[in-house]
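As a plain string of letters, each chain reads:
Protein chains: 2
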Amino acid sequence: MTDDIGAFVPGPRVRIEGRPGGPLGSLTFAAKDLFDVAGVVTGGGNHDWPTGRPVPTRHAWAVQTLLDAGATLIGKTITDEVSLGILGENAFDGTPVNVRAPGRVPGGSSSGSAAAVAAGICDTALGTDTGGSVRVPSSFCGLHGIRPTHGRIDVTGMLPQAPTSDTTGWFARDAETFARVSSVMLGEAIPAELPTKLIVAVDAFGFADADVAAALQPMVKRLAALVGTSREEIMAPQGLSVWARAQRSLQPHEAYNTFREWLDKGNPRFAFSVARGLVMGSMIPESERAWANLMRQEARGRLAYLLTPGTILCLPTTPFPALLRGLPLSVLDPLRDRITCLCAHGGLAGFPQVNLPGATTVDGLPVGLSILGARGSDATLVAVARALGKS
Amino acid sequence: MTDDIGAFVPGPRVRIEGRPGGPLGSLTFAAKDLFDVAGVVTGGGNHDWPTGRPVPTRHAWAVQTLLDAGATLIGKTITDEVSLGILGENAFDGTPVNVRAPGRVPGGSSSGSAAAVAAGICDTALGTDTGGSVRVPSSFCGLHGIRPTHGRIDVTGMLPQAPTSDTTGWFARDAETFARVSSVMLGEAIPAELPTKLIVAVDAFGFADADVAAALQPMVKRLAALVGTSREEIMAPQGLSVWARAQRSLQPHEAYNTFREWLDKGNPRFAFSVARGLVMGSMIPESERAWANLMRQEARGRLAYLLTPGTILCLPTTPFPALLRGLPLSVLDPLRDRITCLCAHGGLAGFPQVNLPGATTVDGLPVGLSILGARGSDATLVAVARALGKS
Chain A
1 MTDDIGAFVP GPRVRIEGRP GGPLGSLTFA AKDLFDVAGV VTGGGNHDWP TGRPVPTRHA
61 WAVQTLLDAG ATLIGKTITD EVSLGILGEN AFDGTPVNVR APGRVPGGSS SGSAAAVAAG
121 ICDTALGTDT GGSVRVPSSF CGLHGIRPTH GRIDVTGMLP QAPTSDTTGW FARDAETFAR
181 VSSVMLGEAI PAELPTKLIV AVDAFGFADA DVAAALQPMV KRLAALVGTS REEIMAPQGL
241 SVWARAQRSL QPHEAYNTFR EWLDKGNPRF AFSVARGLVM GSMIPESERA WANLMRQEAR
301 GRLAYLLTPG TILCLPTTPF PALLRGLPLS VLDPLRDRIT CLCAHGGLAG FPQVNLPGAT
361 TVDGLPVGLS ILGARGSDAT LVAVARALGK S
Chain B
1 MTDDIGAFVP GPRVRIEGRP GGPLGSLTFA AKDLFDVAGV VTGGGNHDWP TGRPVPTRHA
61 WAVQTLLDAG ATLIGKTITD EVSLGILGEN AFDGTPVNVR APGRVPGGSS SGSAAAVAAG
121 ICDTALGTDT GGSVRVPSSF CGLHGIRPTH GRIDVTGMLP QAPTSDTTGW FARDAETFAR
181 VSSVMLGEAI PAELPTKLIV AVDAFGFADA DVAAALQPMV KRLAALVGTS REEIMAPQGL
241 SVWARAQRSL QPHEAYNTFR EWLDKGNPRF AFSVARGLVM GSMIPESERA WANLMRQEAR
301 GRLAYLLTPG TILCLPTTPF PALLRGLPLS VLDPLRDRIT CLCAHGGLAG FPQVNLPGAT
361 TVDGLPVGLS ILGARGSDAT LVAVARALGK S
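As given, the protein sequences belong to chains A and B, one line each in that order.
Residue numbering for the first sequence follows the working numbering, starting at 1 and increasing by one per position.
Residue numbering for the second sequence follows the working numbering, starting at 1 and increasing by one per position.
Please note: incorrect hints may appear among the correct ones.
Over 12 Å on every C-beta distance to chain B, these chain A residues come out as not near it, computed from the model [stated by the list, open to error]:
1) D68
2) A91
3) A225
4) K265
5) S287
Label pairs and their computed distance ranges (CB to CB) [as the list claims (entries may be wrong)]:
6) B:E286 to A:P50: 38 to 48 Å
7) A:P50 to B:A38: 35 to 45 Å
8) A:E286 to B:D333: 45 to 55 Å
9) A:A38 to B:G11: 47 to 57 Å
10) B:K265 to A:G364: 24 to 34 Å
11) A:P50 to B:D333: 39 to 49 Å
12) A:S230 to B:D333: 48 to 58 Å
13) A:G94 to B:N257: 22 to 32 Å
Derived list of chain A stretches under chain B, where covered just means 3 residues or more per stretch with a C-beta under 8 Å from a C-beta of chain B [unchecked claim]:
14) 93 to 104
15) 358 to 371
It should be emphasised that the hints constitute simulated quantities derived from the structure, not laboratory data.
We put the beta carbon where it would ideally sit given N, CA and C, even for glycine.
I would like the entire structure built from these sequences, with the hints used as guidance.
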């Protein structure tokens, strides 16, 4: 390629040097095209999104934070339309190349950010995770990635989707870079102390493809050895599919409310699947949402019960590795719903989660192991990733 | 304008001379971009429609018929996306200018065909009418337009939407041109004999805006004088809104079935409103469609009872003149449903209908009077239009 970055960025090229002398001084980063960069149109992954909106005059908080820490912005990356999608295929801006799984999707919605880091275009990249949008591409592209504790990271200048689930996350190839960036973003040092108890979520491992569960076993063993003790537990006694159902009742409705004025006044173009999701979101009965909110409370209660300080839980990030590109919706829809079963807890409960790369299926495709911790234990999860990277 | 046709055509320019010596030898025509023209991509009003489809090698029947009769094709015209719409606003190809109602929509889905004829770009133009797509733009642009008897005109090479309602229609500014083109398309002479009985559909006039009903009164009087006798009748004893409900249960479901394989494999982009219609079409319960089919039989029976040979029925084509461009969906949706109340009988029953131009509201906006006849009486309706044009 004459221009390596072209496969990952949707629009105008942008480069902003980081502040000299910061802790991330040697690093480059990209920002998902949901984050404002002053003077650059926020594309949002949909060609009708920018219409009638002012060009941002300020950087998003996350962009400013990385620039202030010395990292250099090298581009804005392709995203699923207004973050609605977890596969990474965008009918407007194209599908970023997944160098770790040729011919397959990168995962979304932070598709370009993950794919660019995986390809070595930059050292780290900003993404967002509402229903899995950092976790899924981390798993599919073989990266470290974090969905922080909900509400912890300032989302100013980030295009919202479903605010009660939206988070800002980031990716890195290696554990050391991941720790450096995480320390800046979290505003705290990555501790030396590690958790002492590991829970293996047997329901989640049982739900993943058998070859994925098998591929992750060596990492689970290393993790158990690192932490010291491990035990098996059911993560979601009510059912992973029941948690997923609750999330699918809350998130699309909230997303519809976020975008309804735009839909009404702009009648924007969307890929059919994206519009379909918004229409379905508009039609979820109040009774279903009321139930879903109760189940959300149950999920929060369950994870708070399991994840006491010093305890982390591990599960497969996705039930399978990256899917082939261009599959029909009738094939994708049930597969997407299976992914949601392993991701719903994030949006429902808001606990922090880190994807650990390293495992591959027998076909050589990356697949991630996730660790989940108590609210606010983000830095501890990063510490585990760093320690595992050295072990 | 340096290029008058630009406001009405979506893509590549095309011109095909008519066969010399035919009955339409001096005329020019345009074809809605749902009709195949050999060697030209059929755009369908949606930029993802042509993907993966072969370029047509034959003209659609309607195009071939006009060329054989000597008319010269001067372009393919903008249409609502795959004919799904009756307002004429297209997010991909733009909204054709309605010279008769500046700042307002042309009506759709045969928007470019109607607008081009109204603007004098061509003498006649091919459209399609499933749920009102010739009738509405005829009314909004002040044109003669026909929705022929369903099943009468060969639809080979025409992009289908809902086959049990789809028809091929055409437009003209003046009654004489309309009669010449109609004679060719219908394959029969336009008779001298006129109907002898006129029914005034009081429910339909009552449903239209009061100023529209008032604006049409002089034409109704001229029509009554031409025909000889007139009487008032309720067209839809079950309710215009009930007929509309039946049509809205049948047509969108049929349209969804027409396009479902494309949606599944291509996940194409649509304006939100178009995708929403397809999603709603996919979700209509079988019980609702079963009822709608029974109501369709009732509507057919009612119109067959009213429209015996020698009798025509008149009604306002649309309840109001052309709407302003760019209205929000929340404003448009109920207005579109009102239009459907005056158009549903076409798709439900398949009886021929001709829009008669000439009336305008106090604001100077065109609004059409429609005449409806027995199945197969298309030429008689054209004869009435011609006689009225001379009267």
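Hint by hint, here is what the structure shows:
Residue-level check passed: D68 of chain A sits 38 Å from the nearest beta carbon of chain B, beyond 12 Å. Remark: the non-interface label on A91 of chain A conflicts with the geometry, its nearest Cβ contact in chain B lying 5 Å away (cut-off 12 Å). Distance check on A225 of chain A: its Cβ is at least 45 Å (rounded) from any Cβ of chain B, clearing the 12 Å threshold; non-interface status holds. Listed as outside the interface, K265 of chain A is inconsistent with that label: its C-beta sits roughly 5 Å from the nearest C-beta of chain B, within the 12 Å cut-off.
Once the 12 Å rule is applied to beta carbons, S287 of chain A is consistent with being away from chain B; the minimum gap is 18 Å. A hinted range of 38 to 48 Å for the beta carbons of E286 of chain B and P50 of chain A is consistent with their spacing of about 42 Å. Evaluation of the 35 to 45 Å hint for P50 of chain A and A38 of chain B yields a pass: the beta carbon distance comes to about 39 Å. Distance hint check: the CB atoms of E286 of chain A and D333 of chain B are about 21 Å apart, inconsistent with the given range 45 to 55 Å.
At about 38 Å, the beta-carbon gap between A38 of chain A and G11 of chain B misses the expected band of 47 to 57 Å. The beta-carbon spacing between K265 of chain B and G364 of chain A, approximately 28 Å, falls within the hinted interval of 24 to 34 Å. At about 25 Å, the CB distance of P50 of chain A to D333 of chain B disagrees with the hint of 39 to 49 Å. In this structure the hint that S230 of chain A and D333 of chain B lie 48 to 58 Å apart at CB holds, the actual value being about 56 Å.
About 30 Å separates the C-beta atoms of G94 of chain A and N257 of chain B, a value consistent with the hinted range of 22 to 32 Å. Given as covered by chain B, the segment 93 to 104 of chain A fails the check, having 0 residues with a CB less than 8 Å from a CB of that chain where 3 are the minimum. For the segment 358 to 371 of chain A, the stated coverage by chain B is not satisfied: 0 residues place a CB nearer than 8 Å to a CB of that chain, which falls below the threshold of 3.
The structure is inconsistent with the numbered hints 2, 4, 8, 9, 11, 14 and 15, although it conforms to all the rest.
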